[in-house]
Amino acid sequence: MPAELINKYMREAHLPHIWCPGCGHGILMRDVAQAIEDLGLDQNKICLVSGIGCSSRAAGYMDFNTIHTTHGRAIAFATGIKLARPDMNVIVIAGDGDIAAIGGNHLIHAARRNIDMTVVVFNNDIYGMTGGQFSPTTPTGDFATTAPYGNIDRPFDIAALAEAAGASYTARGTAYHAPLTIKLIKEGIEHKGFSLIECASVCPTYYGRKNKKGGSVELMTWQKENCVMSDKAQHMSKEELEGKLVIGRLSEKDYPEYTEQYKKIIEKARK
Amino acid sequence: MSKRVLMQGNEAVVEGAIAAGMRFYAGYPITPSTEIAEQSSVRLPQVGGTFIQMEDEISSMAAVIGASVAGVKAMTATSGPGFSLKQENIGYACIAEVPCVIVDVQRSGPSTGLPTSPSQGDVMQARWGTHGDHPMIAVSPSSVSECFYKAIRCFNLSEKYRTPVILLMDEIVGHLREGVEIPSVLDVEIINRTVKSSEGHQPYEGDIHEIPGWHLNGGGRYNITGLSHDLSGFPTNSNEITDKLIRRLMGKIEHNADDIIEYEEKYLDDAETVVLCYGGTVRAAMSAVLEARKQGVKVGMFRPVTVWPFPERRLKEISPKVKRIIVAEHNYGQIVLEVERIVKNDCKIDFIGKVDGTVITPAEILKRIKEGK
Ligand SMILES: Cc1ncc(C[n+]2csc(CCOP(=O)(O)OP(=O)(O)O)c2C)c(N)n1
Ligand code: SF4
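Going down the list, the sequences are from chains B and Z.
Using our numbering, the letters of the first sequence correspond one by one to residues 1 to 271.
Using our numbering, the letters of the second sequence correspond one by one to residues 1 to 373.
There could be a bad hint or two in this list.
[What the hints assert, rightly or not] Below, in silico cross-link-like pairs of lysine-lysine (DSS-like), each with a Cα-Cα straight-line distance of 27 Å or less:
#1 B:K45 to Z:K196
#2 Z:K196 to B:K268
#3 Z:K3 to B:K271
Hints in this document: simulated from the structure, not taken from any laboratory.
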């Protein structure tokens with residue numbers, strides 16, 4: 001029940017949220033809450049860490065131990081929290097600019113360490129909070145307030161980047177595919193190691209408007225019609241996948257986890 | 001009982017920090033602070049703590065704040081370029097009131113400068129390095145033994161006033177090796193933060209000795225933000241609440257200046273000339289003062305141990321009674337500006353500043369003491 005979810009996991013005194021009507025971030029925040037509810041986790045044992053951006057405001061709305069940090073640095077703060085309290089479930093919520101531009105270095109290094117945390121990226125392909133500048137995930141040719149003639153940058157695939165850097169679980173969901181996204185976030189939280197769930201969000205206010213792609217409904221209809229499940233995508237050619245978004249679980253590996261490894265260091269040092 | 005050991009300043013910092021309760025260190029290697037990271041990587045796991053080498057200084061500062069809000073005393077150390085990178089998150093620790101210790105072993109700048117040469121060029125950066133009005137405490141040791149005890153003091157001040165504290169070293173002190181007495185039973189008090197856990201508690205309310213209640217012990221699920229916030233820790237756009245917040249942050253240091261400020265004085269009773277110095281310059285100054293005294297010159301020394309907040313009131317008592325203050329520092333003139341602001345026309349102010357990467361010698365100070373007499 002949505003109302004129960006709100007009662008239990010949202011700080012109602014701090015609602016309504018600042019997000020625009022039709023923003024995808026609210027749906028994704030709900031998905032995070034639902035995943036936690038489904039897993040039956042202790043609220044006091046969850047630490048939600050965010051950076052700066054529209055997406056990062058989620059931390060203040062959700063009733064856990066929450067910390068809204070500096071732009072791009074959520075994973076680095078989370079690393080300190082996890083090492084100080086390995087018993088905590090550490091979840092990071094971040095935007096695409098936050099995680100892949102200014103925070104890109106922290107993303108790849110936390111993935112390389114395979115430190116146990118779950119990063120949920122609210123990827124709207126744009127900088128929402130600062131008013132619609134292009135981000136590292138804005139597709140080439142798209143428009144943004146700082147790409148008035150079309151974007152010449154090539155976009156990152158955040159999930160592939162994390163996988164290549166050493167993340168042991170990666171997946172992609174969307175604002176439209178709520179049940180799937182909830183399932184993926186659950187898997188990510190349960191996974192021991194660095195997990196990243198890239199969630200395609202929508203920003204009708206800037207991305208939609210600048211690119212004449214319509215409002216929230218049109219942007220989510222695109223998600224509905226153009227996503228391919230990862231197991232199906234495996235059997236499709238590059239040409240067939242052109243213009244499609246692959247969703248579902250993307251990778252799962254069995255790498256040693258960092259805090260577990262550090263426990264062994266302590267044992268060695270104390271001998 | 002204590003044991004006497006030969007130790008380097010940087011190593012003594014780690015021992016002091018561990019004695020103070022440091023159980024987390026995050027850093028990125030940089031000369032001349034690297035030994036602090038190396039020693040922490042050896043010592044922390046021995047006491048059940050955690051060392052992590054991060055990908056840069058920005059993330060090191062962030063991880064330190066993260067560990068501290070999770071309830072563990074945490075420290076990072078760096079030099080020059082790395083200190084610049086830490087600044088944004090130091091400001092975060094100021095506004096969110098997160099206790100932590102930042103060691104800056106100063107080296108010649110700006111930029112990469114003379115990486116292995118001594119300098120005291122970060123004094124103003126230590127005070128104002130992060131943007132916006134913010135409180136700051138910076139402590140400057142001048143011997144290896146002080147590296148040990150001042151590291152403890154930095155942790156104590158940060159826990160007590162829930163604020164980041166800078167241990168402002170320089171290459172001279174960081175790389176100095178001398179015999180120190182390490183007590184087997186600590187002869188100084190260790191201050192630990194007060195932790196609130198009750199549901200419905202306002203984390204930022206109460207007196208300044210209380211740490212914001214956000215912690216991971218369960219019970220109160222607090223929010224921490226670098227945005228302007230009210231007593232509950234949630235963001236606000238209110239100008240009134242912001243005004244109160246900034247004034248309280250500044251006030252908690254200003255109103256407790258007497259508890260925070262430490263200084264050292266030598267031969268001030270009859271002094272006509274005073275050498276004012278701090279950190280790695282103190283030894284040279286002291287030997288110049290002793291030599292001048294032998295030669296019959298009435299000279300003394302005043303040394304701020306706490307560089308920030310500056311011992312303003314004490315200096316203002318001294319300055320009308322003396323003829324001249326010689327400020328000696330390894331920079332183009334930073335603390336001398338503070339001295340000029342405080343002393344005004346009470347006495348003459350002289351300045352010895354070095355920016356070539358060499359140390360100020362006792363002979364140079366002695367010459368100046370005798371010149372102006
Ligand atoms: C160091 C720093 N640089 C720049 C900013 C300004 N800024 C705030 S949010 C943001 C980008 C937000 O975009 P994204 O992370 O994609 O999140 P969204 O708002 O789209 O959810 C920027 C550039 C900042 N707060 N701090
Ligand atoms: S600007 Fe875009 S991302 Fe930000 S709240 Fe509005 S719709 Fe959402």
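Against the structure, the hints:
no., hint, result
1, B:K45 to Z:K196, "17 Å, holds"
2, Z:K196 to B:K268, "35 Å, violated"
3, Z:K3 to B:K271, "23 Å, holds"
Hint 2 from the earlier list is the only one contradicted by this structure; the remaining hints agree with it.
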